[in-house]
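> Following the hints, complete the assembly by docking chain B onto the known chain A.
Chains as they are written, first to last, in the numbering used here: chain A, 8 to 664; chain B, 294 to 397.
Keep in mind that a hint or two might mislead.
As the list claims (entries may be wrong) - Simulated restraints on C-beta separations:
1. Leu28(A) x Thr295(B): 21 to 29 Å
2. Gly347(B) x Gly633(A): 45 to 53 Å
3. Ile327(B) x Leu28(A): 17 to 25 Å
4. Leu523(A) x Gly364(B): 57 to 65 Å
As the list claims (entries may be wrong) - Calculated Cβ distances over 10 Å to all of chain B for the following chain A residues:
5. Lys179
6. Gly190
7. Gly384
8. Ser470
9. Asp591
10. Leu646
Stated by the list, open to error - Partial list, computed: chain B residues near chain A (C-beta under 8 Å):
11. Ala316
12. Val356
13. Ile389
Since the hints were made in silico from the structure, they are not lab data.
Note that CB positions come from ideal geometry on N, CA and C, so glycine has one too.
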Amino acid sequence: MSSWIVSHLWLIPSVPLAMALVVLSLTNSQQRLAAALAVAGQVVALLFSLGAFVATLPTPGYRAVQNFTWFTFGEQALRLGFVLDPLTAVMLVMITFVSLWIFVFSIGYMAEDAHFTRFFAYLSFFSAAMLGVVIANSLLLLFICWELVGLASYLLIGFWIHKPSAAAAAKKAFITTRIGDIGFFIGMLWLYGRTGTLLFYDGGKGALESAALLSLGAAATWIALLIFCGAAGKSGQFPLHVWLPDAMEGPTPVSALIHAATMVAAGVFLVARVYPLFSLGEIHGVTTSLTVVVWIGVITALMSALIAVAQADIKRILAYSTVSQLGLMMVSLGVGGVAAGIMHLLAHGFFKALLFLGSGSVIHGCHEEQDIRKMGGLRRVMPVTFLTYAIGMMALSGVPLFFSGAWTKEEILHATSLWSASHLPHYFMLLGVVLTALYMTRQMIYVFFGSRGSASNHAHESSPVMTMPLIVLATCAIVFSLVLTPAWPWLHSYLSGERPALNWSLLITPTLYVSLVLVVIGIGLGVLIYRGARETDPVERALPPVFRFLENRMWLDELYDWTVLALARFAARLSDFLDRYLWDGLFRLGSTLVGFFGTLTKGFDERAINGGVNEATDWACGLGRGIARRHSGQVQTYLGAIAIAMVALFIFYAWLT
Amino acid sequence: MTPTLQLFLILSSALFCIGLLAALSRRHAVFILIGIEMMLAAAGLNFIAFWRFGPQPAPPTGVMITIFAIGIAAAEAAVGLALVIAVYRHLRTTNIDEIDELKG
Chain A
8 MSSWIVSHLW LIPSVPLAMA LVVLSLTNSQ QRLAAALAVA GQVVALLFSL
58 GAFVATLPTP GYRAVQNFTW FTFGEQALRL GFVLDPLTAV MLVMITFVSL
108 WIFVFSIGYM AEDAHFTRFF AYLSFFSAAM LGVVIANSLL LLFICWELVG
158 LASYLLIGFW IHKPSAAAAA KKAFITTRIG DIGFFIGMLW LYGRTGTLLF
208 YDGGKGALES AALLSLGAAA TWIALLIFCG AAGKSGQFPL HVWLPDAMEG
258 PTPVSALIHA ATMVAAGVFL VARVYPLFSL GEIHGVTTSL TVVVWIGVIT
308 ALMSALIAVA QADIKRILAY STVSQLGLMM VSLGVGGVAA GIMHLLAHGF
358 FKALLFLGSG SVIHGCHEEQ DIRKMGGLRR VMPVTFLTYA IGMMALSGVP
408 LFFSGAWTKE EILHATSLWS ASHLPHYFML LGVVLTALYM TRQMIYVFFG
458 SRGSASNHAH ESSPVMTMPL IVLATCAIVF SLVLTPAWPW LHSYLSGERP
508 ALNWSLLITP TLYVSLVLVV IGIGLGVLIY RGARETDPVE RALPPVFRFL
558 ENRMWLDELY DWTVLALARF AARLSDFLDR YLWDGLFRLG STLVGFFGTL
608 TKGFDERAIN GGVNEATDWA CGLGRGIARR HSGQVQTYLG AIAIAMVALF
658 IFYAWLT
Chain B
294 MTPTLQLFLI LSSALFCIGL LAALSRRHAV FILIGIEMML AAAGLNFIAF
344 WRFGPQPAPP TGVMITIFAI GIAAAEAAVG LALVIAVYRH LRTTNIDEID
394 ELKG
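Next up, chain A with everything else stripped away, as it sits in the complex (with noise of 0.2 Å):
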């Protein structure tokens, strides 16, 4: 099977875009039947991923491609194609699992809803899209799946289209994206001016092999930089990370897919595919776009990471965490750990998803109570949970040695180590550590430690079809750490195209020490600051100005909003006044003088021609009246009135002739 998946690899997109067409053609009172649909194609896309993962395990370093003319175009042809290599099976794999659970798991939250089969259309899509992203040849097939998850997104993040908070918080996400779209639009036709082609392999033609690469000179830079802000749209990287926290308008298993899966993996995912546009004449691993892209990574990983100490929403923090994480990936990526990027996306993708749809159980259970403030001494309630999230939670702090997100974590503040531009990065990185284990400790105690609040009073645990999930993941995020260690790196070395080496000397390093340190800290002070914490926060407490600016994202949204936003609304005001006062004062000016001929001619038109006129006027009013009467003022009848009329042309025109 595995073979001859490899030669029908558009099939695993298809069968949840399939499942999604069909699931939005059932009623909503076939619930039942579109919750099974919508999982069976999530089952039978797995197992395809499974097959043509295991398909690239023989031989390291295997890449399968099939191309096909889309359509041809004079002397061009425009050729799409399917990839398959290490990093789209371990990236199809990892999709397909998460999202087979979230998708479980809103069978349970989303129970009581009363658009639960669109609902599930609308995931079976989203996971579609994001498939096509993974497996794509072409950057433009790329392009297109990717602005498909634009639009997924949209219509998940916007689902209870009856709040105007959602309704916006989709127009923001979307139209945040766009901006990063434009650039990464702009340097795909740049590439393909310069090479001629949108593929990314064809037999040493495509755009990232030697010769194009070669052809392309002092433009790969630009070229990667745009790519890179469609990247930086899609990641939530600063400056356009804003449209991320407010995602959290949607139900929390679309923020599970959203932050753990797909939307936010795409953009790590590109970077990481068209790796070859960054290195391209590379000095020790440094180049001018991958600098910006450690910074950028830099930045927002910081950044939010602050951010996410400050916020009361359970939600809002893992969202921040998120694009805190998704930094360092950039950041992983950009010192040339491009591996290791990817091992951390995976691992957060398991460990993010438990950890959102274990805040979607809390909340299901707190009666859809979000503020962590209120709620309080859950882990009695709600055991399962509070075992699973305290899991995730490790695996994000990076706690070390039994939690995947420790190896991978490890890996890359080793790889920011061996940076040759400077050390800046790896000691941010290691005060990012520190910070993640702060914030996430924080969050543990105001929702599972602690007297209960007003929230948590009635609160209980939620059913086994949620609950299982969280137990899925949680094991995955423990026993995936199996393929990560540096003892026995197996996923360093598939996805780097190398034979595996077993050797337990390696296992505990000098690093193991320091991160172990670190993330003690990072807990130890969590527990010091927050320890019987309610209602106020200590650090709100302790510095009133220093908690107001985080709590409001550093006013990034404010500043936003008097910048670009002000702009707009100039520019409306401009035109809305020149319409007004204008192009409407010309219209009037000109009204004015035939009024006023008017007034001259109109003494000798009384006199002498009105006479003579009356009486056919008489006439005239008398058709007009007739006229009138067809004529109501609605479009539609108008509209009839000319097809009916084209008709009759055309029977007059095939009697002529």
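Leaving out everything else, chain B in the frame of chain A:
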């Protein structure tokens, strides 16, 4: 069944008629817009079909015209939707039956 010119013409006239029917019979302004877009798509299909089944090799005129038509249709949809929103703000309805401001 091999694709022939007739087949495409039948398809495009069917598309045109469906679009016309939608534009004439739906009561919601947005659906009327959708109908108009379908009619435009039918016209585009005709261009492509005549070009494809005409003498070959030919310069890609049919495709060019259709691409421009799609571009114009996108602009038209934007204007159309803006009109619908403006009308809605003004009259608090998008039901075309209740709008007769064009009455003489």
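> So Asp591(A) supposedly isn't at the interface. Is its beta-carbon more than 10 Å from every beta-carbon in chain B?
With a cut-off of 10 Å, Asp591(A) remains clear of chain B, as the shortest Cβ separation is near 17 Å.
> Would you say the C-beta atoms of Gly347(B) and Gly633(A) sit inside 45 to 53 Å of each other?
Holds: the Cβ-Cβ distance is about 48 Å, inside 45 to 53 Å.
> Please test the hint of 57 to 65 Å on the beta carbon pair from Leu523(A) and Gly364(B).
holds (59 Å)
> With chain A as the partner, please determine if Val356(B) meets the hint condition of a C-beta pair closer than 8 Å.
Since the shortest Cβ distance to chain A is 6 Å, the answer is holds.
> Between the beta carbons of Ile327(B) and Leu28(A), is the distance compatible with 17 to 25 Å?
holds (18 Å)
> If we take the beta carbon of Lys179(A), is the closest beta carbon in chain B still more than 10 Å away?
holds (19 Å)
> Once the closest CB in chain B is found, is it more than 10 Å from Gly384(A)?
Check passes; 49 Å lies beyond 10 Å.
> Is the Cβ of Leu646(A) more than 10 Å away from each Cβ in chain B?
violated (6 Å)
> Please settle this one: Ser470(A) was flagged as non-interface, so is its CB more than 10 Å from every CB on chain B?
holds (39 Å)
> If you take the shortest Cβ to Cβ gap from Ile389(B) to chain A, is it below 8 Å?
With a minimum Cβ separation of about 6 Å from chain A (threshold 8 Å), the hint on Ile389(B) holds.
> Holds or violated: is the Cβ of Ala316(B) closer than 8 Å to a Cβ in chain A?
holds (6 Å)
> Has the hinted range 21 to 29 Å been met by the Cβ atoms of Leu28(A) and Thr295(B)?
holds (28 Å)
Consistency note: the structure conflicts with earlier hint 10 alone.
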